[in-house]
Amino acid sequence: MSNHALEQATASSGQRSTDAESTAAVRLERVTHEYGSSGDRAVTALRNVSVTVQTGEIVGLEGPSGSGKSTILHAVTGLLVPIDGTVELLGTDLTGLSDRKRTRLRRQHIGIVFQRFHLLPSLSARANVALPLVQAGVPTATRRERAETLLERVGLADRTGHLPGELSGGERQRVAIARALVTDPDVIVADEPTGELDTATGADVLDLLTDIGRNRAVLVASHDDATLSVADRVVGLRDGRVVTDGR
Amino acid sequence: MDGWSRMGGDDEFDVSSGGTRRARWRGLVGISVIRLWKRMVTTRSGRLVATIGAVALTIALLVVVTGIALGLADGGAVADDDADVRIAPEESATLSAVDGVEGPRLGATNDRAETIRAEDGVAHASPVLVEPVQLESTDGDPRTLLLVGVVPDDEPRTVGGLSTESLESGGPRDADDSSDGPPAGEIVLSATAADRLEADAEETLTVTGPHRSDERPAPSFTASAVETAGDDDLETPIALVHLRDLQTVAGADGGQLADHVLIWGDADAATAAAAEAYPDATVQATDGTDPSALFGDGLAFATSLLALIVGVTICASFVATTAGMTVNEDRRTLAVLESVGYPTHSRLTIIAVSTLLTTLCGALLGIILGVGGIHALNTVASATVAPGAVAAVHPVFVPYAIVVALVSGLVAVPYPLAVAARTSVLAEVGR
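Chains P and D supply the protein sequences, listed in that same order.
Taking the UniProt record's numbering, the leading residue of the first sequence gets 1, the next gets one more, and so forth.
Taking the UniProt record's numbering, the leading residue of the second sequence gets 1, the next gets one more, and so forth.
Because the hints were derived from the structure by calculation, they are not lab data.
Being a predicted model, the structure only gives us computed values, none of them experimental.
Incorrect hints may appear among the rest.
What the hints assert, rightly or not - Derived CB-CB ranges, DEER-like:
id	chain 1	residue 1	chain 2	residue 2	range
1	P	Asp245	D	Leu360	53 to 63 Å
2	D	Val407	P	Asn215	20 to 30 Å
3	P	Gly56	D	Gly53	54 to 64 Å
4	D	Val398	P	Glu166	37 to 47 Å
5	D	Leu426	P	Asp158	28 to 38 Å
6	D	Leu426	P	Gly236	22 to 32 Å
7	P	Ser98	D	Val41	51 to 61 Å
8	D	Gly53	P	Asn215	50 to 60 Å
9	P	Asp245	D	Leu406	50 to 60 Å
10	P	Gly56	D	Asn328	34 to 44 Å
11	P	Gly66	D	Val33	35 to 45 Å
12	D	Asn328	P	Thr149	28 to 38 Å
13	P	Gly66	D	Thr20	53 to 63 Å
14	D	Asn328	P	Val43	25 to 35 Å
Just so it is clear, CB atoms sit at the ideal spot from N, CA and C, and this is done for glycine as well.
Please model the complete structure; the sequences and the hints are all you need to start from.
Here's what the structure looks like:
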């Protein structure tokens with residue numbers, strides 16, 4: 001069974017969209033978000049943003065620092081709940097769920113790739129990749145097998161026992177991508193995935209992202225034109241608003 | 001993308017099926033253990049070493065102080081002997097100092113000690129009678145001493161913290177059933193007893209007070225030696241005499257009474273012989289110290305209780321502080337765990353397990369240090385101020401120290417958990 005069906009996981013939430021035609025992998029509808037306390041010191045990060053990502057589509061988020069790229073990614077992953085609007089993941093509105101349910105949906109349906117990899121330094125590459133499976137209660141042998149399979153697929157079969165400190169930047173990002181894929185998620189979210197890598201290594205990582213995006217929804221935020229060039233569509237952001245949508 | 005396999009559509013994995021709570025718990029504990037181990041071995045975390053070291057030193061201090069308290073409680077000077085087995089009357093109270101209340105005594109001890117002495121594997125057996133007796137020297141005032149009556153043999157034995165070496169063995173009233181013949185009249189004084197009586201070696205001491213009888217001449221003793229007694233010598237004026245002499249003075253000769261019987265030799269053989277001679281008495285090997293004695297001695301109990309409170313307080317304070325600082329440095333790890341789908345209770349479980357494991361490691365090291373410290377203390381004390389051990393070790397110290405450390409860890413754990421719970425995932429992963 002693919003992990004792309006959210007109905008079973010959220011059947012009790014009653015939050016599913018009733019519009020069958022609109023079950024995009026990710027749908028942000030009129031999302032507004034502010035950081036800081038309300039009043040003069042509040043900073044508006046997103047204003048009335050609507051973005052849709054279909055399965056099999058790679059969407060790039062482009063814009064200067066502070067334009068709202070990372071806020072969109074955090075809203076999609078459920079790490080952040082916007083003050084207004086809806087964020088649907090496979091038809092389920094994340095803004096109406098409890099922290100616990102959002103955490104479970106994130107574990108089951110979303111893989112995150114960070115700019116700075118964010119691997120746990122004291123765990124081996126294999127243990128880092130298997131990390132999401134521990135919380136899922138997957139038995140040790142299955143976790144190990146799954147992690148080794150993914151490390152082999154990202155070209156790190158001979159680095160499974162290495163600590164992150166013993167790997168190059170490109171290798172660490174490939175471990176991070178393997179970790180993002182380990183639960184076979186429906187959506188991959190990547191925040192500046194090549195920001196810490198040299199051009200050649202960055203190109204390798206982009207190839208990998210393009211490859212895994214074939215049957216998933218991929219949302220990539222970046223300043224970098226080369227990174228955005230792999231996207232099927234680029235959404236331009238300025239001051240928390242969508243200014244272009246290359247549909 | 002040289003060498004990279006394609007990530008095709010055959011990569012299906014259903015994460016929501018087949019997971020078990022047991023596997024999750026094992027995994028969470030495993031992550032905690034591996035993180036600690038790698039930190040210790042690979043990154044040599046100074047804070048981790050400091051935490052384990054502080055817990056170890058606190059626990060070591062607790063073990064040493066409790067060992068001293070146990071040494072204090074272990075009978076004092078009267079029970080300071082080197083015998084292998086002791087026979088005591090059932091329900092007997094701990095013998096206390098000069099003004100102690102007299103407890104039940106064993107009867108026919110001279111005969112039965114003789115029988116025990118004849119058993120294979122038994123080197124020597126002696127009834128021990130303890131009696132407070134008033135003595136006076138030629139020039140001094142009458143003073144009450146704790147006289148300990150014993151049957152000496154050719155080997156020097158320690159009874160009541162004093163050596164029997166200066167008591168002549170094999171006299172007509174020793175080691176047999178005879179109550180005839182002249183009294184041996186020898187007495188070995190502890191330094192405190194000699195001070196109180198203002199007596200030196202060769203001094204003649206006469207029995208006075210309630211033990212003096214008008215029907216017979218006053219018994220007297222000649223000091224054959226003045227020795228430093230056990231660790232209790234500053235308080236207890238104690239003296240060794242021949243058993244028969246003391247039984248005569250105390251009026252215990254008819255019933256051959258004694259407070260207990262000490263046996264030297266092979267512990268198993270001695271225990272068997274003792275059980276046969278006194279089936280209803282308490283027979284115990286004296287190489288082990290009974291920790292329950294702590295509860296019967298006010299000073300020892302207070303000392304060990306104080307050590308426990310101080311130990312838990314210091315241990316918990318240090319663990320809380322260092323674990324809180326460690327968690328503060330670990331915020332990014334917690335944020336990453338949240339981003340990959342670890343709910344709050346799982347993240348806090350990892351912190352709690354890590355904290356308790358660190359405390360446990362410290363406790364185990366502390367037990368080793370503490371037992372080593374007790375041996376070192378005894379060695380130094382024996383070489384300087386005391387004739388024997390001043391602190392005792394007991395196997396129950398191991399679970400005791402572990403439980404104390406774990407309690408300290410549990411007291412300390414809310415602080416790192418509070419620090420962990422305040423972690424903002426967006427602030428950490430956004431950096």
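Here is how each hint holds up against the structure:
| no. | hint | in the structure |
| --- | --- | --- |
| 1 | P/Asp245 x D/Leu360: 53 to 63 Å | holds, 57 Å |
| 2 | D/Val407 x P/Asn215: 20 to 30 Å | violated, 54 Å |
| 3 | P/Gly56 x D/Gly53: 54 to 64 Å | holds, 56 Å |
| 4 | D/Val398 x P/Glu166: 37 to 47 Å | holds, 39 Å |
| 5 | D/Leu426 x P/Asp158: 28 to 38 Å | holds, 35 Å |
| 6 | D/Leu426 x P/Gly236: 22 to 32 Å | holds, 23 Å |
| 7 | P/Ser98 x D/Val41: 51 to 61 Å | violated, 40 Å |
| 8 | D/Gly53 x P/Asn215: 50 to 60 Å | holds, 53 Å |
| 9 | P/Asp245 x D/Leu406: 50 to 60 Å | holds, 59 Å |
| 10 | P/Gly56 x D/Asn328: 34 to 44 Å | holds, 43 Å |
| 11 | P/Gly66 x D/Val33: 35 to 45 Å | holds, 42 Å |
| 12 | D/Asn328 x P/Thr149: 28 to 38 Å | holds, 36 Å |
| 13 | P/Gly66 x D/Thr20: 53 to 63 Å | violated, 45 Å |
| 14 | D/Asn328 x P/Val43: 25 to 35 Å | holds, 26 Å |
This entry does not satisfy hints 2, 7, 13, going by the numbered hints stated previously.
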